[in-house]
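Peer 1: Protein chains in written order, with this note's numbering: chain A, 35 to 734; chain B, 35 to 734.
If you're looking for bench data, these hints aren't it; they were derived computationally from the structure.
A portion of the hints provided could be inaccurate.
Note: identical chains are not told apart, hence a pair may lie in one copy or across any two.
To be verified - Under the rule of at most 20 angstroms between Cα atoms (straight-line distance), these lysine to aspartate or glutamate pairs were calculated in the DMTMM-like manner:
(1) Lys634 - Glu281
(2) Lys145 - Glu382
(3) Lys413 - Asp231
(4) Lys594 - Asp231
(5) Lys447 - Asp478
(6) Lys447 - Asp664
(7) Lys211 - Glu174
(8) Lys202 - Glu174
(9) Lys145 - Glu119
(10) Lys684 - Glu733
(11) Lys571 - Glu733
(12) Lys121 - Glu108
(13) Lys130 - Asp77
(14) Lys695 - Asp540
(15) Lys296 - Asp664
(16) Lys104 - Asp247
(17) Lys694 - Glu705
(18) Lys447 - Glu665
(19) Lys211 - Asp478
(20) Lys211 - Glu716
(21) Lys694 - Glu605
(22) Lys328 - Asp394
(23) Lys594 - Glu197
(24) Lys145 - Glu111
(25) Lys642 - Asp672
2 protein chains.
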Amino acid sequence: MKSVQSIIETALAAGQRTLSEYDSKLILADYGIPTTQESLVGDLVGAEAAAKWIGYPVVLKVCAGEAVHKTEQELIELGIMDAAELKRAFERLSPKAHEFGGQVLVQEMVKGSRELVIGLTRDIQLGPCVMFGLGGIFTEALADVSFRMAPLNDNDVREMCGEIQGSKILEGIRGLKPVNLDILSHCLKSLGRIGLDYPAIREIDINPLIVRDDRPLAVDALIVLEKPQHRQTETAKSRGGLDKFFEPGSVAIIGASSTPHKAGNDVIQNILANEYDGNLYLVNPKGGEILGHKVYASINELPDEIDLAIIILPAAVTPQAIRDCAARGVKAVVLSAGGFAEVDERGESLQQETLRAIRDTGIRAIGPNTSGHTSSPHKFTSTFFPLGKIPRGNVSYIAQTGNFATHTMRYIKTGENFGVARVLGMGNKLDVEESEVLEYYAQDPETKAIFIYLESFKRPRRFLEVACKVTRSKPVILLKGGATAAGADAAVAHTAALASDDRIIDGVLKQAGVVRVYNYSHLFLAAKAISAMPLPKGNRVSFLAPSGAMLVCLTDLCRKQWGLSVPDVEEKTRRYLQDISPPFIRMRNPVDIWPAATVKGVEFGYRKGTEAVLRDHNIDAVVMILMITDETGVPPLDFIVELARRYPQKPLYVTFTGQKKHMDAAKAFLEPQGVPTFPLIEEPFEVLSILARCRQAMER
Amino acid sequence: MKSVQSIIETALAAGQRTLSEYDSKLILADYGIPTTQESLVGDLVGAEAAAKWIGYPVVLKVCAGEAVHKTEQELIELGIMDAAELKRAFERLSPKAHEFGGQVLVQEMVKGSRELVIGLTRDIQLGPCVMFGLGGIFTEALADVSFRMAPLNDNDVREMCGEIQGSKILEGIRGLKPVNLDILSHCLKSLGRIGLDYPAIREIDINPLIVRDDRPLAVDALIVLEKPQHRQTETAKSRGGLDKFFEPGSVAIIGASSTPHKAGNDVIQNILANEYDGNLYLVNPKGGEILGHKVYASINELPDEIDLAIIILPAAVTPQAIRDCAARGVKAVVLSAGGFAEVDERGESLQQETLRAIRDTGIRAIGPNTSGHTSSPHKFTSTFFPLGKIPRGNVSYIAQTGNFATHTMRYIKTGENFGVARVLGMGNKLDVEESEVLEYYAQDPETKAIFIYLESFKRPRRFLEVACKVTRSKPVILLKGGATAAGADAAVAHTAALASDDRIIDGVLKQAGVVRVYNYSHLFLAAKAISAMPLPKGNRVSFLAPSGAMLVCLTDLCRKQWGLSVPDVEEKTRRYLQDISPPFIRMRNPVDIWPAATVKGVEFGYRKGTEAVLRDHNIDAVVMILMITDETGVPPLDFIVELARRYPQKPLYVTFTGQKKHMDAAKAFLEPQGVPTFPLIEEPFEVLSILARCRQAMER
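In isolation and in its complexed conformation, chain A is listed as follows (with noise of 0.2 angstroms):
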């Protein structure tokens, strides 16, 4: 038998694009996955001998390397029962065989009702990555498949077959047999294997994969090759050093401004107002004095061992003085400028040399076309958007966007009422990159959640590696922004097709444990509400509401749309909620809380209602529905604050329904001392549905 080595070695010399069918399965055997008993002919004797060596009735193919779609090109005859049959066919099909250089194959007739498809494509950045899904017809029309990088663990395997839409297809339906899931599993993880073994495989397809009573066998294969690219290799570490720029002892401005509303001049407004207590140096070649700090010429002149410089300088300039820096000892920079690579080609030119300038010098750079970082703890900020102090918070923030250090910051600072740990605005990421603050992001202990927004990955393997480890005890939530559906249409394999980078970047998020969203709003929205309350144990909500409507449809959402349970609470609640309303209303979860507002006040109902669902075991979250209008009472808040602090295990989340200034004056109240409020009804529960999906992930 030819060693998988010497089959790819062979075809590439001979300029083959794809393997044989036979070649193919070849491959596939040697990895163990089941593969049709067929034998390669080059006569009608021969042909009849094999057909009679399997049994009828067989299938004769065109095997070749350049016959593909061989259902489309009638490369194929199924169903030959008999020796007469096979004649016929091999006389059609042994002359198409010869035009393409190949051989018929004479192949078991497989019966079954289950088509799948398995398949491998290497992702430019990703690597090797896995797909299964409907097969047959059905993988172009319902493209109703999952994948995952390479290597593939248990657990990805399962998720895999249960995210399919069809994934009942695995069961026993229809006096079918369960798939068998261990020999499932070894093709899916064999493939992935093959992929890491042998770069100059870009593509597999086994379409269809049939399920014969409860065991998948790959009926037809497909191999696409290619030269083996060199491609980089992604550095295995950070470089580490980003606590200078969290943590900088010492800060420099270069291109300071003692001119009001100028990024130079409001940088240090900024700085001074988060009262950051390290040394601050200015550089401006004016000299003088701003704000009260001495002005430096030049740099050279600045003093050794300064641990951050924020470069506001035009682009043009923005090279030199990294070097300028770096010779002074300067061990980071945050080079704010823009007019690089996101405008024009004299930009990309500069952007090139300013490469040089980190790589010659190793100084660490965010940037450039950064809106620059955040650290409350530190008290430190680089942007030079006008923001005053920053509220500290847990939360932290990687942007591919200045949004978070401007408008968005702004937004959640004065509507949002949360603070932030650490921000950091990626602009051009021609040094940091998301992996690496992410990583750095994991081991803080400032940081409880993490919040990313990208349009690219500069590493997606390592960052998924990282990521991969810190969603074990944070969670990581990420808006990637630019999805499209391109995906490969002259792909010469179906997994390629079905690759859109969509469709990888979301089973390869699901792998590294990182929960996706898709609303710019749900950045803030649930990180308020992390930020405030602990992560829920699990996905089973209660919630109270004025209003039977109210009730019914949340509950038909929580069900239906965010993956949430509205179980039953316990007994003992169940009586207790009973006995706090009129005997009119029978009560359960949800909670229908008006009758005992209206029975016994608003306080008493809300308080003791919420008390419950609080104590209770059955439940990890609580959202309260809270009506506020003048007729029926506007209580005194503070037992809400009163109750989020007796649970502090439990995420206590408050909306409301009525009269708009009372919503307001309550968000007011409650929020600055920690109880989060929304002021539509669904926004809670969309915000739990997310933060459930995060604890799912921690306990994969």
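Chain A is already provided as a structure; the job is to place chain B on it using the hints.
Peer 2: Frame of chain A, contents of chain B only:
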């Protein structure tokens, strides 16, 4: 050939619950649905003759009334190639056929790689409903099916084919021919016709409907019978008289109270606050005067010919009050009391008594257990929740909840700044029900759009008939509470098992052009939008944002989630946008407005940019994401009101980023002047998604 009627009668007489496959197909064939060639045989000789006539390969099946789920029960032999195999198969199946009291069926073996399912189920309220979807094993694994109520028209069939996820299977994929849609359409319409023609047919399953080449063919079929039920026929039309509720010339309050904060007092306060200008009569045994109005001691003392009475009395005395009112010539009553069937058995019996009073007197009644109704053009409300003046507007509500007369109306008034035309709280719907209210709103010149919250349909078929018409001229948006996936687990036929309430409702609402929403908040957010702005002409959106990340995320969501297109603008628009922007930014749709705003001022940028896209012929609706912070500037916002007035044909919505206080001020300034605003950037798009579907329904 037996007639359809005689097949059914014979089977029912024999106590059969299901028809045999053979008889089922006779009925289908009678309606022109293509079926397999087949023959019932009594012995092997007959089987051999039939097989010869049909041509090998053939299929042998046990054919009997109760022989269902033949595959699971091994009552079928596929792919019989010759006489020897036929003999073996016949000998195995023939005894089984006798057990079932049936015969053996010899059938042609149909090959085709596409299996569909079509079927019929008789919904207890909607009558016969037709199903279409993926067949064979996928019927169970994917439940990828769509329903419509019989009779079906061409548009229904087109939509059903398009809305299953696997719809691509109907196209010419993988070298297959496109499915002959004329035949498929005929099959679906015929099933509906059979359901209408034969009430004794409860369910039909055709699974699989195999596509041979391009032609669908019923390969297996099952008809389930029942003794035709005597079902209450829905009254063909409304009894009329709803104008007495919405335009009452005179109103009596039975149970008027002089005690503030009692319902009988609050309702008077509400009526006075709304400046009702008809005659108002108060009734209370105590007599005297309340709020300057004379109080009658009893209903009997009231003057003749009062249009409407609001009865605010305990449940127990409500029936007598109705009779008394009718005796005085009152045409319509609003029954406010709770404590009827929603509470207990005593209430149930009171409800029956109330119903008798209504029937006996012929009076029209809303409720009982209603929070009342509102008719702002007539300056009238029967609501007893203190609301004060209810702002007049052009949207109307039908609500199976009191919320829209209580706290949600309070929120709409104080938080969303729009008004309503008519609101009707259905309560227990003893008399007036949703379909006649819908009919009233349909012809009501004051009502521009209709929003509905329902937990059940009292006369669904009639509701849908009315909806089907009104949705061609007015948007109808419905939230159905209490969706469950209960389904009929024990159902014999697949069609019935898949016919969960929710799937059928989904289909029939689409059929009627009703746009279904799931978020309670959308009932007022979409209402606010349609109340101030025209319905968009289509789904083509332009938006202006101050941030690349927002442009990217929202474009992703428009395409992937909201069904909105973000098309290229006209070339002249593009050039204009480029002219007002600095050269380094490449302008297009969506509009990156911040560079222009930075260079030429926030007002200039947003004004010019927004006007350009409002003028553009490729654009149906515009969303402005306004960034307002102290530092970047907060322009006077009159320009937005001016733009909205200058382009009254195109919706313009505003949302924000930046500082909360400026957002609140902008909302308070813009909304009273007819420009809807939304706190979170996704909300205006969610609303546009709903309204674009309304437009699509209108043009169906």
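Peer 1: Would you mind marking each hint as holding or not holding in the structure?
Peer 2: Structure-based check of each hint:
1. Lys634 - Glu281: neither (54 angstroms within a copy, 39 angstroms between copies)
2. Lys145 - Glu382: neither (59 angstroms within a copy, 60 angstroms between copies)
3. Lys413 - Asp231: Neither. Shortest intra-copy (49 angstroms) and inter-copy (79 angstroms) distances fail the 20 angstroms Cα cut-off.
4. Lys594 - Asp231: neither (42 angstroms within a copy, 36 angstroms between copies)
5. Lys447 - Asp478: neither (22 angstroms within a copy, 47 angstroms between copies)
6. Lys447 - Asp664: between (29 angstroms within a copy, 14 angstroms between copies)
7. Lys211 - Glu174: So Lys211 and Glu174 pass the 20 angstroms test across copies only (15 angstroms; inside, 25 angstroms).
8. Lys202 - Glu174: Classified as both; 19 angstroms inside a copy, 8 angstroms across copies.
9. Lys145 - Glu119: both (19 angstroms within a copy, 18 angstroms between copies)
10. Lys684 - Glu733: Within one copy only: 18 angstroms inside a chain, 50 angstroms across chains, cut-off 20 angstroms.
11. Lys571 - Glu733: within (10 angstroms within a copy, 48 angstroms between copies)
12. Lys121 - Glu108: Within one copy only: 17 angstroms inside a chain, 35 angstroms across chains, cut-off 20 angstroms.
13. Lys130 - Asp77: within (13 angstroms within a copy, 47 angstroms between copies)
14. Lys695 - Asp540: neither (42 angstroms within a copy, 38 angstroms between copies)
15. Lys296 - Asp664: between (48 angstroms within a copy, 15 angstroms between copies)
16. Lys104 - Asp247: So Lys104 and Asp247 pass the 20 angstroms test across copies only (18 angstroms; inside, 25 angstroms).
17. Lys694 - Glu705: both (16 angstroms within a copy, 14 angstroms between copies)
18. Lys447 - Glu665: between (33 angstroms within a copy, 15 angstroms between copies)
19. Lys211 - Asp478: neither (50 angstroms within a copy, 60 angstroms between copies)
20. Lys211 - Glu716: neither (42 angstroms within a copy, 46 angstroms between copies)
21. Lys694 - Glu605: neither (36 angstroms within a copy, 44 angstroms between copies)
22. Lys328 - Asp394: neither (31 angstroms within a copy, 96 angstroms between copies)
23. Lys594 - Glu197: Classified as both: same-chain Cα gap 16 angstroms, cross-chain 19 angstroms, threshold 20 angstroms.
24. Lys145 - Glu111: Intra 15 angstroms, inter 14 angstroms, cutoff 20 angstroms: intra and inter.
25. Lys642 - Asp672: Within one copy only: 14 angstroms inside a chain, 48 angstroms across chains, cut-off 20 angstroms.
The structure shown violates the earlier hints numbered 1, 2, 3, 4, 5, 14, 19, 20, 21, 22.
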